[in-house]
Amino acid sequence: MNSPTFNAWKLVSLSPLPSWALVFLALGLLLGVALAAWGVRREPSRGRRVLLWALRVGAGVAALFFLLEPGIRHLQVARMKNRVAVLVDRSASMGFPSEPGGPTRAAEVATFLEKASPALAGLQDRFTVEMYGFDPELAPVTPASLAKEPPRAGTTDLLAALRAAAGAGQGARKLSGVLLFSDGADNTELKSGVVGRARAALADLGVPVSTFTVGQEALKDLSIEGLKVDDFAFVRNSLTVEAEIHGRGFRGREIPIVLSQEGKTVATKTVRLETNDDVKPVSFTFTPDQTGRFVYTVTVPTFPDEAVTENNSRSFTLKVIRDRVRVLLVVGRPSWDERYLRGLLKQDANVDLISFYILRTLSDDPGVANERELSLIPFPMEEIFDTKLDTFDVVIFQNFGHADPTLSIAEYERNLERYIHNGGAFVMIGGDSVLGEGRATMPTLMEALPVAAAGPANVEPFTARLTPEGLRHPVTAIGTGASSTEAAWGELPPIPGANLTYARPGATVLLEHPHLTANGKNAPLVAVWDYGRGRALVMATDASWYWAFAAHRDGSPSRAYDRFWGNALRWLVRDPDLTTLKVTADPPSVEPGRPVAVVVQARSSDYQPAQDAQVRVELFSVATQKPVAVQTGATGPDGVVRLEFAPPEPGPYKLLATAKKGETDLGKGEDAVAVRAVGPELSDASVRPELMEQIAKVTGGKAYKLPQDGLPDMPLLDPPVVEVGRAKDQPLWDRWYYLVALIGLLGAEWFARRRFGYV
Amino acid sequence: MSVRRLTRRNLLLGSAALAPLLAGRAHAFGEKNRFIPAVAKHGGRWDARLSGLRRIAWELQRRTSVEVVPDARPFALSSPDLFEYPFLYFGGDGAFPPLNEAEVSNLRRYLTYGGFMLADANDGSDGDGFDASFRREMARVLPQNPLAEVPSGHVVFKSFFLLDAAPGRLLNKPQMMAASLGKRAAVLYSQNDVAGAWSRNESGDYEFDVSPGGEPQRELAVRLGINVCMYALCLDYKDDAVHLQLILNKRR
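Those sequence lines, one after another, are chains A and B.
Residue numbers are given in full-length UniProt numbering: position 325 of the first sequence equals residue 325, and the series is strictly consecutive.
Residue numbers are given in full-length UniProt numbering: position 96 of the second sequence equals residue 96, and the series is strictly consecutive.
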């Protein structure tokens, strides 16, 4: 009956009547059956009643058969070939061994796919099998290419790969299933597991994902994970770095952890790993003592049988900035010099001023019977010069020098010297109690100062003279350029007297006495230097207040005093904006294999952008204490140049820059950059079979583990069937015996009714 | 109350008498860095309390660590030299004629850029005499910063001594007035002739009686003077957080 061209059939109604008419007639037939049953309801014989009712039903069905005109429709159909995607993880963690001493996880997948090739080919009659590697972009792969090319991707993003595979079939062939080969070490959306949106996204795929987990969980590895630290910190404020130590196969071991800043140990901790797969949090609290950008590294020891050694240290850069500059002002006695400096510091919103004045000495008699009549407080020497000293950004001694045992700081001089040496900033302001005057010589503290006493003070008024160094130095840059600065200093009033000092070797004299000399040179008025990691400034007079107040005597306002002390504070705390060469690593943390880039901004001594400046940047390895590479370039009109170094070995580096414009030295600057040993991908060698199982469960697939002997029977969506050719109808109702049956049924019912007395 | 006018001779003698008190103290280079009260010359009787100023400078030297020159240096209010003396005393006995424009602008600049002025009604006037003249001129010098009563919690009452009131030779007004520039009181004004309580003659006797409190009130007036000088020198130092609790305990 079937034509060879037809490969399917179905039962259809060939009636030309519309559907509503058929429904109407069918209802009529049902009514007829019902009336027949109603008419014989009083028939006492149950057999007769059933017979009459059955004959009516049979006649009704036969009539309906004729009304519907049933037929067979012969069809020519074909099945659509859907896709099956084989997705292979190409992230770097697939390069870990699948088992200790075994092939890589990627190689194991390649071997399996090679072995499963015939089975995959067997699917080809129903599906198009597509094989992709994802990193997470999809790219066609073959078992051979998988074995040949090592996996390199820096992240594992299973969900993105699944979305891409599903999306690839939009508008074309649809996806019937996915075979996902991975270690499950997702570090993006599925990092926290199949929860929340990720779970919904997997379910929305509408495709069964069968997962094949590769790799064993029993690898021995120690890694630093979950490093948490802010991008910046405030100098002299404590900071906490948190990390997680993940150990596999280290049960019962004590693991020492070291936090170091560019090779210098900052803090150490020890954790004990209790189980064979244990994660222990560890936190370090420390206080950065200098502003700038530094590379810090958290390190655990490397054991010989570890699967991955690169994840045993993690570096990060920390920018240490100042909050408000915390200034300690210690005043030998109230004076006009103190009054104007205090007024300036108190009105500066960037300064947190803590001050102590000696308002009464042993020789003063306030004339009170009870100390409660005075507002004086004890001088908390131990607190400010010992326990709290390191909390100050700048310490200013203003004519502070007492020989009285109750006020002498002899006991704390070494603390102050160490404070400066270790990165603090100190200002000594002169007067009749210090710098060769008075009885308190403070020899230890004086070691840290750029000048030394040279004799009795000179009380002749004089106009301070700017030195060539002062003309270029940010502390004395009170004008908008060199000439403006020189003019501004020249306009300031003479000041009444100065301490006689001489500059120590290495000191930079910024302002000097025009004719008073010491050791054959003009006596310094303002001198600075770097002492150890700190900075010190000396103002060899107690009359700088003349620049604040007497400068206004002629009517024109002067900001010289404010600018000078503002500059001095910024220089003392190493304000980055006061450098003529600003060096910025871009970015400060570099992933492995990425180039190191640096942006250098050069300014001339008048702080204008230095165009066409020749910039030289040295990439200096902190670990080896050797330069690694050098790049040079010229700045553009904005004084900025961007240079790039080829990817260096992992580790902490300094970017040391110098610049010249013509013969003029524009100074030097530096920044820090951390080249990470491993990205997030390699920091954890663990396999996550539970994630793979969850993916399979949520999507309706099945979870497997490699190795497998062959391709298992995986759930795949059946491809849809579509008519692709013509159809032919074959009526079933136009047979004579159907008509005889109908007439027979109707006749039998009539006969029975007549016989039973109903007609 | 006896009021004796000072002569130049008396001044010289008084200064000479104070000199030995300062012997042995550090010899600061540049005496201008020390505390030296400047005295404002105006068209009225401006020099009635010069000995009082020298006396308060001496008291400041004796009672505190401040180094002073026990002198009172008169300047015309239009003088640029005022800008070497950040403490200015503006006193007077009776009314005085209006200041000229140069004096007004120079005084305004002086106060604006950090100078401090203690004004003192030597005549104890209120609404007339010196008081009327001074208020009139202050309205010209600092028109945006009118005089207002100094609250009892102001730092001037704790800058060295703990005080509750501001008595002088008289006690007409328990508190002083202030013209403030920002948070800084640039002008403090007493109507109680505070310098009158400090004044001594060349023989060392107080020049004026103090009423109504007698010698205890004089001591309070001296302490107030020292506090005012300390305020001029240290500004709001005693308002720093480190002092607050201790001062509060002492006041209990």
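Check each hint, because a few of them may be wrong.
Short, incomplete list of chain A residues facing chain B, as computed with Cβ under 7 Å [what the hints assert, rightly or not]: (1) A369; (2) N370; (3) S375; (4) F462; (5) A550; (6) S556; (7) A560.
Hint data in this document are derived by calculation from the structure and do not stem from the laboratory.
C-beta: ideal position from N, C-alpha, C; glycine also.
Verification of the supplied hints:
1. A369: For A369 (chain A), the interface hint is violated, since the closest Cβ of chain B sits about 11 Å away, which is over 7 Å.
2. N370: violated (9 Å)
3. S375: Constraint on S375 (chain A) satisfied, holds at 4 Å.
4. F462: violated (10 Å)
5. A550: holds (5 Å)
6. S556: violated (10 Å)
7. A560: violated (12 Å)
Hints 1, 2, 4, 6 and 7, counting from the list given before, are not met by this structure.
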